[in-house]
Amino acid sequence: MDVLTKEQRRKAMSRNRAKDTRPEVRLRKALYHQRLRYRKNYRKLPGTPDIALTRQKIAIFVDGDFWHARGHETHPGEQVTTNKEYWVKHLSRNVERDREVTDTLTEQGWLVLRFWESDIKRNLEACVNTILAYAR
Numbered sequence: 001m002d003v004l005t006k007e008q009r010r011k012a013m014s015r016n017r018a019k020d021t022r023p024e025v026r027l028r029k030a031l032y033h034q035r036l037r038y039r040k041n042y043r044k045l046p047g048t049p050d051i052a053l054t055r056q057k058i059a060i061f062v063d064g065d066f067w068h069a070r071g072h073e074t075h076p077g078e079q080v081t082t083n084k085e086y087w088v089k090h091l092s093r094n095v096e097r098d099r100e101v102t103d104t105l106t107e108q109g110w111l112v113l114r115f116w117e118s119d120i121k122r123n124l125e126a127c128v129n130t131i132l133a134y135a136r
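Letter 115 of the sequence shown, counting from 1, is numbered 115 in the UniProt record's numbering, and no numbers are missing.
Heads up, none of these hints are tricks.
Cut-off 25 Å, straight-line C-alpha distance, at most; resulting in silico cross-link-like pairs (BS3-like, lysine-lysine):
(1) 19 x 121
(2) 19 x 57
(3) 44 x 29
(4) 19 x 89
(5) 6 x 84
(6) 29 x 40
(7) 121 x 40
(8) 29 x 19
(9) 19 x 44
(10) 19 x 40
(11) 6 x 89
(12) 89 x 11
(13) 29 x 121
(14) 57 x 40
(15) 11 x 84
(16) 57 x 29
(17) 57 x 44
Hints listed in this document are in silico derivations from the structure and should not be mistaken for laboratory results.
Given these sequences and hints, build the entire structure.
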């Protein structure tokens, strides 16, 4: 059972954003300090990458641990306890869409890098170094 009331859950979920999340902003600032210039939420590419290094043809996605089923990619939705049918379908589609977008961008000659929000929180420097290794 959910520990929040319906109204509290509604308010909490309404604050989830698709753009400019904290991990995404932290990664962008770190790249900017490394003198890398990028496009954010680049709509000209499939999947609208969070960060696109257009000169190097690198598409970067910052995936939320819950929304992209980190640790549960084979069985998305198993981490939820309420309304399981809805969440299994919803999170499974997110994981499937991630694969489709990665395949499409790879076919178009783009390098796709995906970082989990928790990895950025834990070790931002390692994420930046990975990007720099491909960008330079």
